[in-house]
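With chain A held as given, fit chains B and C onto it using these hints.
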Amino acid sequence: MILLFFAFPAAAGALIPFLPGLLRRNLGVFSAGVAALLFALAVSQIPEVSNGRYPSFTFPWVPALGAHLSLLLDGYALFFTLLITGVGFLIFAYSQRYMSEHPRRVKFYSWMLVFAGAMLGLVTSSNLILLYFFWEMTTISSFFLIGLFDSQEEARWNAVKALAVTILGGLAMLAGFILIYVTLGTFELTEIWSRGAELRDSPLLIPIVILVILGALTKSAIFPFHSWLPSAMVAPTPVSAYLHSATMVKGGVFLVARLTPLFASVPLWEWTLITLGLATLLIGGFLALRESDLKGLLAYSTISQLGMMVALYGLGTELAVKAATLHLMSHAIFKAGLFLVAGTIEYLVGTRDLRPLGGLAWVIPGLAAVAAVVSLSLAGIPPLSGFVSKEALIEASVASAGLSGWLMTAILVIGSAVTLAYSMKFLLGAFWGGRGDAVGPRRWAPLPLLIPPSVLALAALVIGVYPALVGAIISPAVESITQKPVHVSLYFWPGLTLPLALSALAILLGIGVYWRMEIINRLLAPLTTHLTLDLGYRYIVGLSCRTVPRIYLRLQNGDLRVYLVVIMAVVMALVAAGLLVSAPPPLADLAEGVNLGVLDYALAGLVTLGAVALLFRRRPLDLVLVLGFVGSLVAAAFALYSAPDLAITSIVVELLAMVLLMLALSRMLKLFNVSASRPAITLQALFSVAFGGLVTLLLLSVLATPQSPSISPFFIENSPAMAKAKNVVNTILVDFRGFDTLGEIAVVAIAALAIFVMVRAAKERV
Amino acid sequence: MTDFLLVAPVLLPLAGAILLVIAWGRLPVARAVSVTVAAAVAVVAFYTLFTVQADGILASTLGNWPAPFGIVLVADLFSASMVSATALVAIVALALIGLVQEPAQQKRVYPFMLFLLAGVNGAFMTGDLFNLFVFFEVTLLASYALMAIGAQKLQMEAAFKYVVINVVASSLFLVGVGLLYGELGTLNMAHLSVRVAEAGGGGVITPVAALLLVAFGIKAAVVPLHFWLPGAYVAIPSGVAIFFGAVLTKVGVYSIIRVFTLVLGHDQDFFQPVLLSMAGLSMVLGALGAVAQRGFRSILTWDIISQVGFILMGLGLFTVASVSAGVFFMLQYMPVKAALFSVAAVVERLRGARGIYRLGGLAAAYPFLAVLFLIPALSLSGAPPFSGFWAKLALLQSGLQVGSIGGYAIVAAALCASFITLFVMFKIWQWAFWGEAKGAPAAHVSPMAQGRLLMPIAAVAAVTVILAFAAGGLHDITTTVAQQLLDPSDYVEAVNLALPR
Amino acid sequence: MEIPLSIAVGALAGGGLFLLLQRSVIKMVIGLLLLSHAANLTIFIVGRLRKGGTPIVQEDISLQTFADPLVQALILTAIVIGFGVAAFLVTIAFQAHRKTGSDDLDDMRDLRG
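So the protein lines, in turn, are chains A, B and C.
So for the first sequence, the numbering used here puts the first residue at 1; every next one is plus one.
So for the second sequence, the numbering used here puts the first residue at 1; every next one is plus one.
So for the third sequence, the numbering used here puts the first residue at 1; every next one is plus one.
Among these hints, one or two may not hold up.
[Unchecked claim] Taking lysine-lysine pairs in the PhoX-like style, the calculated list, with each CA pair at most 20 Å apart, reads:
(1) C:51 x A:763
(2) B:153 x C:99
(3) A:763 x B:153
Treat the hints as calculated values from the structure; they're not laboratory data.
The structure presented is a predicted model; accordingly, all values stated were derived computationally and were not measured.
If we strip away everything but chain A, and leave its shape as in the complex, we get (with noise of 0.2 Å):
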C-alpha cells in the first residue's frame, strides 16, 4: 500500500504523453485527481499512525550493496504526505487553467508527476540508498520543470545551475551515506536511530555530519548555496509554487529533522545548521526586500524561511522541533498560496514586476482578500497560522538557556521583523496604493485560478485560529523525529508571555523596516549585490567554459612527439624504480666464465656504431641505408648464436622493408629535412641515451638472474615422437602453438587487405 504513494503518481506521470484526447485536454484534472487519491490514502493513514502502529514495507534491492526497498510511514513521513499531497492537489487544479495554454503542458505534468511520486517516495524511504535515490530523482524532475521552456537560453542556464548545485550536494551526501554504512553496516533509517550512539563514538563522525549537512544545505538553498533557487524562478509559476517552496526545497530540512535523533547532540552538527541557517535568515532577508519582481520575492523569503527551519531543527530541542515541524506546514500552505497570487496576478496583468504594478486591491478585489491573508501569515500577524508557528519558533528559542539563546532569540525577532516588512512590500505594493502603469481596468480572477490560493488562505486562518486541529498531524511527525514520546500542546493564544511581547516588537520592528526600507536597502547594497551574484557559480562556469579548454588544448596540442616522450617518460621512471625495488643480482655475476670470440665483440660494436650513426644521418635515404646495415647485422647475429632459420626469415623481410621504404621515398616529392636546433638535438640525444642504457640495464638484470626451467625441452623431446617433425621451430610454430600462427596470418591478411583497400580509396577521390 504504501509503494502507492511514489508508484502511483510516477506511473501517472509517465503515462501523460500516451493519454487519448479528453484526458490530454485536461491533464490538470487528471493530475489533481491522483493527487487527490494520495491525499485520502494518507489521511485514511493517520489513525493509524498517530497509534504509533507506522506501515512499512521491505523487499531486498540490491542486498550485496545494502540496498532494500524499505519504506516507512512514520509520523513525520505521512505529515510531509499530506502536505505533498494537499499542496499538490491544490496546485494541480490551478494548472489546469493556468497552463491550458502552454507549449510544454504535456512535458509539464508529466514530470510535475513524477516529481510528485519522487518527493513521497523521498520521504517514505527508509534506506538511505533509496532515500538518495528520489533525492536525485526530485533533482533531475526538477531540472527539466525549470528547464521547460527550452528555448529560452536563460531556462536552460537556470535548469543546468540549480542541477549542478544540488547534484553537489546529493554526491557529498551520498558520500557521507555510504560512511555511514561502512561504521554501521546499514543502509535501514531504523537501525541506523537504533544504533546512535556506535555511530557517534566512531572516528568518521565528523566528515558524516559535514557531507550530509552538504546534501541538506544545497537542496534546501541555505546560504552559501542558496543563489540555485532564486534562478530557478523561470519555471512556470506552479512548478515554484510546488517545487521551490512547498516540497522540493523542504528536502533538506525533511533529511536535518531524520538524522536529529542522531546527531542532534554532536556540536559541529548542531552549531553548523544553527549558524547557516540564521544567516540564510537574515541574507535571504534582506535580499528579499530589495527584490521587485515578486517570484523573486517569494524565492528569496523562501530561502530565508528555510534557514530558519533548518537552524531550529539544528537546535533539536523537542520545543524547537515542535515550532520548526509546525512552520513548516504554515510555511508550505502561506508561501504556495503566495505564490499562487503571483502566478495568478502574472496571467491577468502581464507582469509580476512590482513597479508597474499597483493598487490592484480595486481591480481583482477577490485575489486581494487571499493575498492579504496568505501574505499576513507570512508576515506573522495574528490569526492566522504564521502567527502561530513563529509564535512557537521565539518560544523555543528563548527557552534554550544561555548567551547563544538570547542571540538566536535576537536574530529571530530581526528576522521576523524582515520578514513582516518584504510581506508588505508583496501585499501593499502589488494591491495598495494608485493604479500602476501595467494594470488594467477591473476584472475578475477566474475561478479556477482563484479558488486553490483561497483554500490555502482559509486553511492558514483555521489553523491560525484553531490550531489544535492539526495537533492529531503534528505530534506524530515530532514524535517520529525526537523518537521520544511527546506532548504536543498547540493553542492560539498563548497569554501573555515573552514570546507573544518579542512577537509584538518583531511587528513594531517590521513596520518601521518597512517604513525606512529605501535607506535600509541602500545601506546594505554593497553587500547584498554581492551576496546575490552567485560569484562562486559563475567562476566555476566561466573555468570550465574557457580555461579549461584553453589548457586542454595546450597539453593536448596534437604533436606525436610530445605524446611519445611522456609515454616514454612513463616507462623510464616505472621500470626504473621498479629495478630499484627488485634489487637484481650483481651483474658482475654474469662476466664469469664466459668467453667471447671477436665475432661476438665485432658483431655487437657494429650494431652499436648502426646506432650511433643514425644520429649523425639526416638523409632519409642515408637512415635507409643504416637501417638495413643494422638489419644485417641482426640477421647475422641470429646466424651466429645458432638460429639459422631467424636469420633467413630476417634477411628477407629487412629486405622487404628495404625496398618497401625506397618505393615510398622514391615518391615523395619533398622531404622535410630541417634539422631542429642544436639544444633541441642534445636533449632528445640525452633523453634516447637514457633509455637505451635503461633497456640495457634491465636486459642485464634479467639475464643475471636465473632462468626457471624453461618449458623448452618439451618441444625438442617431443618434437620428432609427436609431432612427426625435425624442425622444431617449424613444428612449435605450426603445431605447439599454431594458434599464434593463426593469429599471425590474421594480421599479414588484415594488412594487405589494409593497404589494398587504402589505396584504392586513395585513388578513387584523387
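The following block gives chains B and C in isolation, referenced to the frame of chain A:
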C-alpha cells in the same frame, strides 16, 4: 563441446571476415553475415557464461598439447562475461553501421569489424601471454585499418599517430613478454602465476611488469598514456566508433586486470600506488577533458578515459569488493557507452553535424532518441537507479571500506569525476537536445527509418534499465569474478598444467 | 656472453627512440623499425645465446647446443607481424605525404582532441 565454445568466438568472426573478403562489395551479404556472426558469438558467449557459472572455469588446449606447452584458451567468469558484453555491443554496432554509414564506407568497414571482433575475443579468451600479444596485434591491425581506410587527410593523420603510439606499446609488450620468459621460462599465464608465486617476489619481475603495465595502459588510454585516444576516435566512422568506444580500450583494461591479478598479483606495494594514481588522474582529467570539448563524440571519447579510471580504481584498491566493483563497472558500462555512441552516430546521420553547439532541438524533434540518450547518460554519470549508479556505489563503498589515505583520496576523485561527468552529459543535453534546431536539417528521415535507427540503441539501453533492478544478480557474478581473480588457484587448476614433478 | 649484444640492444633502442622524436615522418618510421629490431633481439638474448647448432633434431641435441626453439618461434611470429605493421605504416606515411605534400609531422596537427 568445450573446445567449440572457446574457439568459436575467435573462429566464427574470422570465418565471417574471410567470407566477406571473398564476397567483397556485396553489401546485403556483408550486413547479414556480420550481424549473424555477432549474434552467433553472443549466443555462444552467453551459453559459455552460464556454463562457467554453473560448472566452473572451462579450459581448452588447442591441438591437444597440454598446457603450458600448447596454447590454452580459458573461459572463466571474467573472460566469458567480457566476451558476452562485447558480442552484445558488436551486434548493435554492426547493425547501426548498416544504417548510418555511406554504402561505400560500409563495404570497406564490415570485414575489418569482424577481424576486430575475432582479435578482441581472442585477447579475452587466451591463457597464454604471447598469444595475448598476437591477438592484440590482430585487434590493432584491424583497428588501424578501420581508421585509415577512408584515406582522407584527417584519417591519415589520426591513423599515423595511432599506429605509431601503438607500435611503441606493442614493442614494450613484446619485450615484457620476452623478459618474463627469460626469467620464468614459460608463457602460459597460469604457469607464470605458479612460477611467480614460487619466486616469492624475488628476481627482477617488477620492472618487467612495469613494461607490461605501460603497454596495456596505452591501449586502455589511462592518463598519462591517453594522448592518442581523443583524436583517433573522432576520425573513425561514427558506426565504428560505437564498437571502439565501448570495447576497444577495455581490451587494455582487461589485460591489466588479468595480468596484474593472475600473474603479477604479488607486487601490490609497488603497483597499488601506481594504479591508484593513474586511476585518479584518469577519472578527473578525463572528465575535465570532456568539459573542454565541443563535439558530441569527442565529449564521449574523453569520458572513456574517465571511466577507465573508475575500472582501474577497483583493481588498484585490490580487495574482493573493489575488484568486483571495478569489473561490475566495466561490464555495465560497455552497453551504456555503446548506446551513447550510437546516439551520437544517429545524430550525425540525422543532422549531419557533430558539434553540440551546432545542434539543438533534438528533444523536440526526436523524443524517443532523447529518452535513449537520457537513460544511458544518467547511467553513465551514476544517477540512480541505473546500472552506473550501482557500479559507483560499489566502488565508493569498497574505497571507503579500505579506509586508507589512498582509499579516501580515490573516492574523492571518483566523486569529483562523477559530478563533472553528469555536468557534461547535461551540457550535451542543454545544447544538443534543448533549444531551437540550428542549421539546415539533413535529409528527411521517415518515421519507419527512425524506428529502425533507434531499435538497436533501445536494445543496449535496455541493459542498463534491466540492471537497475537486477543489479544484485550482476553483482553476485562480479563478486565471483573478483574471487577468481584474487585467488588464481581455481584458474590454475582448470588450466591443468602438465608439469614434470 | 650476452653482455656485448645487450649493450648493442640498448644502442638500437636509444637510436630508435631518437629517430622517433624527429619531425620527419619517414624518420619516425625508421625509428620504429629499429625499435622492433631491438625488441626481437631482446627476446633472443633472454633465451640465452648459444653457439654452433641448428634447430634440427638430431640424436644428441639439447638446449646446450642450439638456441631456444621456443624463442625462435616467438621471434619468427613477431618478425612477420612486425613486417605487416611496417608495410601498413609505410603506406599511411606515403598516403599522408600525398595529402599534405610533405612528411613534416607538424603538418599533422589538425587533430588536437
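Tested hints:
no., hint, in the structure
1, C:51 x A:763, "violated, 51 Å"
2, B:153 x C:99, "holds, 6 Å"
3, A:763 x B:153, "holds, 13 Å"
Against the hints set out earlier in the document, a violation occurs for number 1 only.
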